[in-house]
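Since the structure of chain A is already known, use the hints to place chain B on it.
Listed below, chain by chain, are the residues.
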Amino acid sequence: MIALLTRDLRLALRAGGGFGLGLAFYLILAVLVPLGVGPEPTVLAAIAPGVLWVGALLACLLSLDRIFALDWEDGSLDLLATAPIPLEGVVTLKALAHWITTALPLVLAAPVLGVLLNLPAPAYGWLVLSLLLGTPALSVIGTFGAALTVGLKRGGLLLSLLVLPLYIPTLVYGAELVSRGALGLPVSTPLALLAGITAGSVALLPFASAAVLRINLR
Amino acid sequence: MASVWEYANPRKFMHTSDWLLPGVAWAAAVVTTVGLVWGFFFTPDDFRQGSTVKIVFLHVPSALMAINAWIMMLVASLIWVIRRHHVSALAAKAAAPAGLVMTAIALITGALWGQPIWGTWWVWDPRLTSFLILFLFYLGYIALWSSIEDPDTGADLTAVLCLVGSVFALLSRYAAFFWTQGLHQGASLSLQPGTRMDWAYKAPLYISMVGFGLIFLALVLLGTRTEIRARRMKALLTRERMN
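Top to bottom, those sequences are chains A and B.
The numbering of the first sequence is numbering that gives the first Met the number 0, which starts it at 0 and goes up by one.
The numbering of the second sequence is numbering that gives the first Met the number 0, which starts it at 0 and goes up by one.
For reference, chain A alone in the conformation it holds in the complex:
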C-alpha cells in the first residue's frame, strides 16, 4: 500500500505540470478577485474567507480527473482491482495522494493569499485549521466523482457538475468557521460540523467510490 502511495506521489510530481497547476490557479484567483471587486480593504476583508474557500474548492477540482484517468487508460486500474489489497483501500490511497499533492500545498499557500485579500489577523489560524480539516473531505468526495466519470470521454465538465454540489456542506461550514474566527465569535459549532463531515466522508465514501469503480470496470 505504501508502494502504491509513493508511486502515485512520484507520478504526480514528475509527470509534467500537474503538480503546481492547482496552486497557480489558486494564486491567480486570489489576484483576480480584488481586481474584479475593487481594492477597498473592508470589502476584501469581508469576502476573503469565502473567496479563499471557493478558490481552494475549484483548485481541488482541477486535478480530480487525473486521479483515475491515466490508470484507466493504460490498464493499471484493472490490475489494481484484481490486486490483493481491497479496492476500497486503493481508492482511499488515491484520495490521500490527491490530498498530499493538491490540497496540502493549497493549505500552506492560503495564509499568503490571505494577506493579498486583507484577511483580518485573528482569522489566519482558523483559515489553516479549517482547510486542514475540510480538504480531506474535498479529496474523498472528488475521488467519488472521478470514479463515477472514469469511463467517459470528456468527463471533465460532467465531473464538476457532479462534484460541486457535493462540496456545498464542506464549503458552508469551512467558510463560516473562518468568518466567525475573523470576527472573534465562538467557532466550536462550525468546527465540530466540519470535522464531522470530513470524518463521515472519509469513513464512508471510499465504499461508494469502490462500488462505482467496480461497476465501471465490469
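Simulated from the structure, these hints should not be mistaken for lab results.
Do not take every clue at face value.
Claimed, not checked - In the SDA-like style, the derived pairs of lysine to any residue whose C-alpha atoms are separated by at most 25 Å in a straight line are:
#	chain 1	residue 1	chain 2	residue 2
1	A	Lys152	B	Trp4
2	A	Lys152	B	Glu148
3	B	Lys233	A	Pro38
4	A	Lys152	B	Gly153
5	A	Lys152	B	Ala110
6	A	Lys152	B	Ile141
7	A	Lys152	B	Ser146
8	A	Lys152	B	Pro150
9	A	Lys152	B	Ile81
10	A	Lys152	B	Ala7
Here the structure is a predicted model, which is why all the values come from computation and not from measurement.
Structure of chain B alone, referenced to chain A:
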C-alpha cells in the same frame, strides 16, 4: 397472489400502464384545472397581499412534488440496487426531468411572488437556497444518465449517485439553515402554508396538490413506457443485425 413486484415484469407493467395512463392523465388534467381555476378565479383577494397570494396554488404543489420526486427516485434506485428490477431503474430515470421542472416552477413562481411582496426576486433564505441546490442535484443526475451509453452501467452509477446525493442534499439543506441563522440572524421569510390559512384557500390548494401529484404520476408512467419501448426497439434492431 397479487404483489407490487409483479410490475417488475416489463410486460405486466406495460399491460397495466396501458389502461392506467390515459385515466391518470385525464384525471390529472381535470383535477389540476379545477384546482387552479378555483384558486385563481373563485377565491377572494388577500387583504394585504392582494391577488399575488394566488400564486400559492402553483408554488406549493410544485415544491411538494419537487421533493417527492427526489424521494421517489431514491426509493426506485434502492429497489434497483437491491432487487435489480429494470422497470424501477427506468422509473427513476423518467422521474428526474419531471422533478427538475417541478423545482424550476417552484423557484420561478417563488421569485415572481417575492418581487412584489418581499421587494426582491431572490434572497439567500434557507428554503430558497436548498431548492436551488436540489435543482443542481437534479441537473447532475440527468447529466450522468445522458452521458453513459450502456443502460445497465448507467442505471448502476446513477443509483449510487442518487444515494450519495440524497445524503449530501440533506446535509446541504441543514448547512443552509445553519448558515443564514449564523450570518443574518432570523431571516423571517419562511413560508408555512396551511397553518393559518382559511378553508377558502385551503380547499383549492389541496385539489391542486392532488392534481400535481397526478401529473407527476402520468409523466413517470409515460417516461417509463417510452424507455421500455426504446429498449425493446434496440433489442429488435440488434436481433435484426444478427440475422
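Results for each hint:
Between lysine 152(A) and tryptophan 4(B) the alpha-carbon distance is near 37 Å, which puts this suggested pair outside the 25 Å criterion. With a C-alpha separation of about 11 Å, the suggested pairing of lysine 152(A) with glutamate 148(B) holds against the 25 Å cut-off. Among the hinted pairs, lysine 233(B) with proline 38(A) is inconsistent with the structure: their alpha-carbon atoms are about 60 Å apart, more than 25 Å. For a cut-off of 25 Å, the pair hint linking lysine 152(A) to glycine 153(B) stands: about 14 Å separates their Cα positions.
Only pairs whose Cα atoms come within 25 Å are accepted, and lysine 152(A) paired with alanine 110(B) is rejected, the gap being roughly 38 Å. Proximity of lysine 152(A) to isoleucine 141(B) is assessed by CA-CA distance (about 17 Å); at most 25 Å being required, the pair is judged to hold. Taken as a hint, the lysine 152(A) and serine 146(B) pair is honoured in the structure, with Cα atoms around 9 Å apart against an allowance of 25 Å. For the hint linking lysine 152(A) to proline 150(B), the alpha-carbon distance of about 16 Å falls within 25 Å, and the restraint holds.
Note on lysine 152(A) and isoleucine 81(B): the hinted pairing is violated, with a Cα-Cα distance of about 29 Å set against a maximum of 25 Å. Distance restraint check for lysine 152(A) and alanine 7(B): the Cα-Cα separation of roughly 33 Å exceeds the 25 Å cut-off, and the hinted pair is therefore not satisfied.
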